[in-house]
Each structure stands twice: as structure tokens, then as C-alpha cells.
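Fit chains V, E and W to the known structure of chain C by using the hints.
Protein chains: 4
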Amino acid sequence: MKDFMELGQRILQAQPFSRLLGTGLEHLAAGEAVLTLPVREDFLQQHGYVHGGVVSYLADNALTFAGGAEFGDAVTVEYKINYVRPAKAQRLRAEAKTAAAGKRLATCQCEIWAETEGDEPYICAVAQGTIMAK
Amino acid sequence: MKDFMELGQRILQAQPFSRLLGTGLEHLAAGEAVLTLPVREDFLQQHGYVHGGVVSYLADNALTFAGGAEFGDAVTVEYKINYVRPAKAQRLRAEAKTAAAGKRLATCQCEIWAETEGDEPYICAVAQGTIMAK
Amino acid sequence: MKDFMELGQRILQAQPFSRLLGTGLEHLAAGEAVLTLPVREDFLQQHGYVHGGVVSYLADNALTFAGGAEFGDAVTVEYKINYVRPAKAQRLRAEAKTAAAGKRLATCQCEIWAETEGDEPYICAVAQGTIMAK
Amino acid sequence: MKDFMELGQRILQAQPFSRLLGTGLEHLAAGEAVLTLPVREDFLQQHGYVHGGVVSYLADNALTFAGGAEFGDAVTVEYKINYVRPAKAQRLRAEAKTAAAGKRLATCQCEIWAETEGDEPYICAVAQGTIMAK
Numbered sequence: 531m532k533d534f535m536e537l538g539q540r541i542l543q544a545q546p547f548s549r550l551l552g553t554g555l556e557h558l559a560a561g562e563a564v565l566t567l568p569v570r571e572d573f574l575q576q577h578g579y580v581h582g583g584v585v586s587y588l589a590d591n592a593l594t595f596a597g598g599a600e601f602g603d604a605v606t607v608e609y610k611i612n613y614v615r616p617a618k619a620q621r622l623r624a625e626a627k628t629a630a631a632g633k634r635l636a637t638c639q640c641e642i643w644a645e646t647e648g649d650e651p652y653i654c655a656v657a658q659g660t661i662m663a664k
Numbered sequence: 531m532k533d534f535m536e537l538g539q540r541i542l543q544a545q546p547f548s549r550l551l552g553t554g555l556e557h558l559a560a561g562e563a564v565l566t567l568p569v570r571e572d573f574l575q576q577h578g579y580v581h582g583g584v585v586s587y588l589a590d591n592a593l594t595f596a597g598g599a600e601f602g603d604a605v606t607v608e609y610k611i612n613y614v615r616p617a618k619a620q621r622l623r624a625e626a627k628t629a630a631a632g633k634r635l636a637t638c639q640c641e642i643w644a645e646t647e648g649d650e651p652y653i654c655a656v657a658q659g660t661i662m663a664k
Numbered sequence: 531m532k533d534f535m536e537l538g539q540r541i542l543q544a545q546p547f548s549r550l551l552g553t554g555l556e557h558l559a560a561g562e563a564v565l566t567l568p569v570r571e572d573f574l575q576q577h578g579y580v581h582g583g584v585v586s587y588l589a590d591n592a593l594t595f596a597g598g599a600e601f602g603d604a605v606t607v608e609y610k611i612n613y614v615r616p617a618k619a620q621r622l623r624a625e626a627k628t629a630a631a632g633k634r635l636a637t638c639q640c641e642i643w644a645e646t647e648g649d650e651p652y653i654c655a656v657a658q659g660t661i662m663a664k
Numbered sequence: 531m532k533d534f535m536e537l538g539q540r541i542l543q544a545q546p547f548s549r550l551l552g553t554g555l556e557h558l559a560a561g562e563a564v565l566t567l568p569v570r571e572d573f574l575q576q577h578g579y580v581h582g583g584v585v586s587y588l589a590d591n592a593l594t595f596a597g598g599a600e601f602g603d604a605v606t607v608e609y610k611i612n613y614v615r616p617a618k619a620q621r622l623r624a625e626a627k628t629a630a631a632g633k634r635l636a637t638c639q640c641e642i643w644a645e646t647e648g649d650e651p652y653i654c655a656v657a658q659g660t661i662m663a664k
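Residue numbers (this note's numbering), protein chains in the order written: chain C, 531 to 664; chain V, 531 to 664; chain E, 531 to 664; chain W, 531 to 664.
Check each hint, because a few of them may be wrong.
As the list claims (entries may be wrong) - DMTMM-like, lysine to aspartate or glutamate: derived pairs with alpha carbons at most 20 Å apart:
hint	chain 1	residue 1	chain 2	residue 2
1	W	K618	W	E645
2	C	K633	W	D603
3	W	K664	W	E562
4	W	K627	V	E625
5	C	K627	E	E625
6	V	K627	W	E625
7	E	K627	C	E625
8	W	K627	W	E562
9	W	K618	W	E641
10	E	K627	C	D603
11	E	K633	V	D603
12	C	K618	C	E650
13	C	K627	E	E641
14	E	K633	E	E600
15	C	K627	C	E641
16	W	K618	W	E647
17	V	K627	W	E641
18	C	K633	C	E600
19	V	K633	E	D603
20	W	K633	C	D603
21	W	K627	V	D603
Unchecked claim - Chain E is faced by these chain W residues, among others (derived, beta-carbon under 10 Å):
hint	residue
22	D533
23	L542
24	A544
25	Q545
26	L551
27	D572
28	G583
29	S586
30	E608
31	I611
32	P616
33	K618
34	A655
35	G659
Stated by the list, open to error - Facing chain W, according to a computed beta carbon distance under 10 Å, are these residues of chain V, among others:
hint	residue
36	A630
37	A636
38	T637
39	I653
40	V656
Hints were generated in silico from the structure; no laboratory data involved.
The C-beta atom is built at its ideal place from N, Cα and C for all residues, glycine as well.
Here chain C stands alone, though its shape is the one from the complex (with noise of 0.2 Å):
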């Protein structure tokens, strides 16, 4: 358990766009990933929402990590995401979990959080892809 988090902490840590947006990671373990992201002013799009290409980064990294914990490394081969709720959020919270895996392809699903302290969180988009062993 500890090792995972070690593992995806470096893993988060080395990717570069990660680490201009700010993303944190609350959980991992075999098959399930928690990535939280604090929204910017310069996440938003034109009506004052987080604009869904950041909703989209976090859930395709959620789901990543939650398969590379079934496989040591992976790579997302596809994923779709419904943006079911437009995201006014002082944060948001991906939890992804596998929902079934092979020996090399695991397919897990996520869902985005959206939260603001005092606030009922709520579900702005839900997403399910293909994790492939490297």
C-alpha cells in the first residue's frame, strides 16, 4: 500500500503537465486511484466552468493510475468520458477503480467529483477506458 503511493507519488511527480496543473494524489492501491486537483482561475473555460479538457486530463489520469496499480505500468489505450454537470468547483476529485482486468488489459471506470467547501460535492462527469500492460 505504502509502496504503491511511493510508486504513483514519483510517477505524478515526473510527469511535467501534472505538475503545471498541480495535481495530488490522495490514494492508490491495486485497482483504485484517487487524484485531486485545486482549480485555477486558468482552468476555466468561457462560461466561468472548469473547462472539460482539465476534467478530461484528470479522469484519463485517474483511470491510468488505477489500471498501472493492476500492472505495475500501463498506458491508457482509450477512454470516454460524459460531462454530466457543468464544474464550478474549488476542487476536483477523481476516484477510479477497475472494473474487471486480464493479464494485460484492465477496463476501469471514474468518476469527477466536484467540490466546494460548505457545498454538497457532486458528480460533474463520469468516464470508462482500457488500461494496457507496457
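Just chains V, E and W now, with coordinates in the frame of chain C:
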């Protein structure tokens, strides 16, 4: 045509996240959009390729622009993306078009090209998604 | 609850393709649907497993029923399905639920279980899709 | 080319579900497949259109054939489909092609056309999926 481009430029400049990354609009017409993104060091992941989240962002935005040019204002309901080859490139180029459009919904498709001066460009991702008139 | 089931049975019986295959409705409530399908010899593909098209059909229908029970009448806008394990089974069972619903659109998810008497059931596919109120 | 067609015909005939529905193979080459399906009364849903499950089955099979013609034997890992217009047709025609292929994975795309004698054919669905060499 000129009006599409002016409107598209205005929307792109009104997206803080697109300004953060430096996205350019090359073409916008009814059901067609081409976006470009010069790759920076801080867009990479741990193996030196462009982070999937950057590729996804660009696909998402290009799909929305192509669908938005059908409807005026539009939102992305959902999309799926296949990463077909790691992106090692000086520039990403997203070419999106509408495959079919109804009164309120359009299905759009997008190819993401990895371009480097002196090399043959190649497709690094293909995406398909649903755009809805606002 | 009883009304949902009566309406659901009526719709299922009004679908010639569902009658051709022999689909049953086990449960239907707001945002929840369970469909079952006894597997016949003529549902298989060339390796003796249930054809992906049969699994897809059941996922599609379950997603639509779950979303339809949110909205009254509904259509499937799109969905994606991951085949996570070949389906060798006497019966397929699709369990669908709404992940999030707005006024006109719902995002639904579905697990397809492969069931054989005396064996442990297993998930052979997971799906996610967009359902729209008619 | 002739060999592709012979192999494709053999696989199609070895699929009991494809025989049940009556699918035909019109074209098969490296990364390309065209399947056709004459529509019968028992393929419909409750509003008189071809059931989405039939459209999905044909898309799934065409994607697999297109990818299979890259790899020899192949399975569908996943796909997504957008239903862009209700299918009222005498015949469905699925045109699939490979968008990009690596050593073991291919990303394929497919258009489903609704065809009726005397009417203009139209696209009723578009799909995109991942095919893996066996």
C-alpha cells in the same frame, strides 16, 4: 466564413485554459474546425511524450468547435478518444468535422496529428463525440 | 414500482427484436433496470462464445430502460461497451443504473453478467451511455 | 484479396448469430470491411425503426472484420456507437476501415448506412472501436 473565424477566435481567447496552453484556431466553418497547439516541455508525461490529457483537451475542444459551428453555441455531452500512437511532436493539430447533425445534437469526429518539422506527420489519436446546441 | 414494471413489459413486448431473442425484464424502477436473456445456440460466434452483438444489444436495451425510467419515453443517443471477458453462459443478465440525470439527458452505466447454473457468475462487459428524453 | 473474402465468408458462416440475422459480406481487404444486412420485421423496436441492438451488432461485426483483416484473427476490445438518425430501411450497410494500426491493436471506424430502394441512403450510426490481434 470570416464570421465563423472571428467568433471562434473570440471564444478561444475567452477560455483561460486555452490561453494557458496556447491553442490556435486555424480553420472554422460549418461542421469543421482545425485547432493547433505548439508543444511545450510542461505538456509532457513521464516518458517524454505529450500527456494524454493535453491530446484529450485538444480533441474535446476541436469537437466542440466543429459542433458549435453547426449550432452557434454548443456544449460537449460526451466523447471517446483512442490514443493510437504516442505523441512526440513540436505541434499537435486537431482536425474535426461533423459526421451527422440533427436539430440539437451533432456527432463529430476528430483526428489529432503529431507534427514535427522535417518529419512525416502522423495520427496520434482519433476521437468521436456528441455536441449539443445550448 | 408496479407501474414501471407493467410499462416496461409492454415496451419490451412491443419490440419485435427483443421478442426474437427472448429478453426478459426482471426489474425496473426510476434509474434502474435489470434485463435477462437465456442464451441459445444461435446467439454464438465462431469460437462458441455469445456474439458481442448479443451482449451489446442487451447492454443498449438495459441502458435505455434505466434512462427511460427517468424520463418516461427515451432514446439512446450513444453508448460505449468494453468486452472484459468472453461470455460463455446459459444466461446473460444486464444490470443498468443511472449515474447522473439532468432534465433531458441521463448518463447510465451497465454491467453484463454471464450466468451458468453451478458456476460463479462473472462480468463479461461494462457499458456507459447517454439516454435522452423524447 | 480473394483470400480475404473467402476467409471472411467462412468466419461469417461460422457465426450462428450472423446466420440468424442473415448478414452478408460485400467487401473485405486489409483494414476494410463492408457488411450488409437485409432488414426483417423482427429486427424492429417499438416505434417501427430498426432496433439499436441490430445496428450495434452490425457495427461491432464490421469493426472486427476490418481489424481482423489487419491481424488475421482478432477480437473487439471495446467500441462506442452514436445513433445519429433512426434507421428506417430495407437494408443496413456497414462500411468499416482502420484509422490506425499498431502491432497488436487497431482503431477502426464504421459508418452504418440505411438503404431503401428509391430513397437516398443516409448514415444512421457511426462507431469507433479497438480491435486486438488474438
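Now for the hints, and whether the structure bears them out:
1. Taking the CA atoms of K618/W and E645/W, the gap is near 8 Å; set against the 20 Å cutoff, the hint holds.
2. Straight-line distance between C-alpha atoms of K633/C and D603/W comes to about 19 Å, which keeps the hinted pair within the 20 Å bound.
3. At roughly 18 Å between alpha-carbon atoms, K664/W and E562/W fall within 20 Å of each other, so this suggested pair holds.
4. Between K627/W and E625/V the alpha-carbon distance is near 18 Å, which keeps this suggested pair within the 20 Å criterion.
5. The hinted pair formed by K627/C and E625/E meets the criterion: a straight-line CA distance of about 18 Å does not exceed 20 Å.
6. With a CA separation close to 18 Å, the supplied pair K627/V and E625/W stays within the 20 Å bound.
7. Restraint check for K627/E and E625/C: the C-alpha separation of about 18 Å stays at or below 20 Å, so the hint holds.
8. Straight-line distance between C-alpha atoms of K627/W and E562/W comes to about 4 Å, which keeps the hinted pair within the 20 Å bound.
9. About 15 Å separates the Cα atoms of K618/W and E641/W, which keeps this hinted pair within 20 Å; it holds.
10. Distance check on the hinted pair: K627/E and D603/C sit about 32 Å apart at the alpha-carbon level, beyond 20 Å; violated.
11. Proximity of K633/E to D603/V is assessed by CA-CA distance (about 19 Å); at most 20 Å being required, the pair is judged to hold.
12. For the hint pairing K618/C with E650/C, the CA-to-CA distance comes to about 12 Å; that is within 20 Å, so the pair holds.
13. Among the hinted pairs, K627/C with E641/E is consistent with the structure: their alpha-carbon atoms are about 14 Å apart, no more than 20 Å.
14. Pair hint K633/E plus E600/E holds up; C-alpha atoms about 9 Å apart against a cutoff of 20 Å.
15. Distance restraint check for K627/C and E641/C: the Cα-Cα separation of roughly 9 Å lies within the 20 Å cut-off, and the hinted pair is therefore satisfied.
16. With a C-alpha separation of about 12 Å, the suggested pair K618/W and E647/W falls inside the 20 Å cut-off, and the hint holds.
17. Taking the CA atoms of K627/V and E641/W, the gap is about 14 Å. The hint holds against a cut of 20 Å.
18. Between K633/C and E600/C, the direct Cα distance comes to roughly 9 Å. Compliance with the 20 Å bound is thereby established for this hinted pair.
19. Taken as a hint, the K633/V and D603/E pair is honoured in the structure, with Cα atoms around 19 Å apart against an allowance of 20 Å.
20. Note on K633/W and D603/C: the hinted pairing holds, with a Cα-Cα distance of about 19 Å set against a maximum of 20 Å.
21. Our distance criterion of 20 Å between C-alpha atoms is broken by K627/W and D603/V, whose separation comes to about 32 Å.
22. For the restraint placing D533/W at the interface with chain E, the shortest Cβ-Cβ distance is roughly 17 Å, beyond the 10 Å limit, so the hint is violated.
23. About 9 Å separates the beta-carbon of L542/W from the nearest beta-carbon of chain E, less than 10 Å, and the hint is met.
24. Given hint, A544/W at the interface with chain E, holds; its Cβ is 4 Å from that chain's nearest Cβ, closer than 10 Å.
25. Here the hint on Q545/W is kept, as its CB sits about 5 Å from the closest CB of chain E, short of 10 Å.
26. Below 10 Å, beta-carbon pairs count as interface contacts, and L551/W has one with chain E at about 8 Å; its hint therefore holds.
27. The closest approach between the C-beta of D572/W and any C-beta of chain E is roughly 4 Å, which is under the 10 Å cut-off, so the hint is satisfied.
28. The criterion of a C-beta within 10 Å of any C-beta in chain E is met by G583/W, whose closest approach is roughly 3 Å, and the hint holds.
29. Against a cut-off of 10 Å between C-beta atoms, the interface hint on S586/W holds, since the closest Cβ of chain E lies about 4 Å away.
30. Below 10 Å, beta-carbon pairs count as interface contacts, and E608/W has one with chain E at about 4 Å; its hint therefore holds.
31. Interface hint at I611/W: satisfied, since its Cβ lies 6 Å from the closest Cβ of chain E, which is below the 10 Å cut-off.
32. The interface hint given for P616/W is met, as the beta carbon of that residue sits about 8 Å from the closest beta carbon of chain E, less than 10 Å.
33. Against a cut-off of 10 Å between C-beta atoms, the interface hint on K618/W is violated, since the closest Cβ of chain E lies about 14 Å away.
34. The beta carbon of A655/W comes within 9 Å of a beta carbon in chain E, closer than 10 Å, and the hint placing it at the interface holds.
35. A distance limit of 10 Å between C-beta atoms decides the matter here; for G659/W the minimum to chain E is near 8 Å, and the interface restraint holds.
36. With its C-beta approaching chain W no nearer than about 4 Å, A630/V sits inside the 10 Å limit, and its interface hint holds.
37. Annotation: interface hint on A636/V holds; nearest CB of chain W at approximately 9 Å, less than 10 Å.
38. The criterion of a C-beta within 10 Å of any C-beta in chain W is met by T637/V, whose closest approach is roughly 4 Å, and the hint holds.
39. The restraint placing I653/V at the interface with chain W holds, with a minimum CB-CB distance near 5 Å, inside the 10 Å limit.
40. Using the Cβ-Cβ criterion of 10 Å, the hint placing V656/V at the interface with chain W is satisfied: the shortest such distance is roughly 5 Å.
Of the hints listed earlier, those the structure fails to meet are numbers 10, 21, 22, 33, in rising order.
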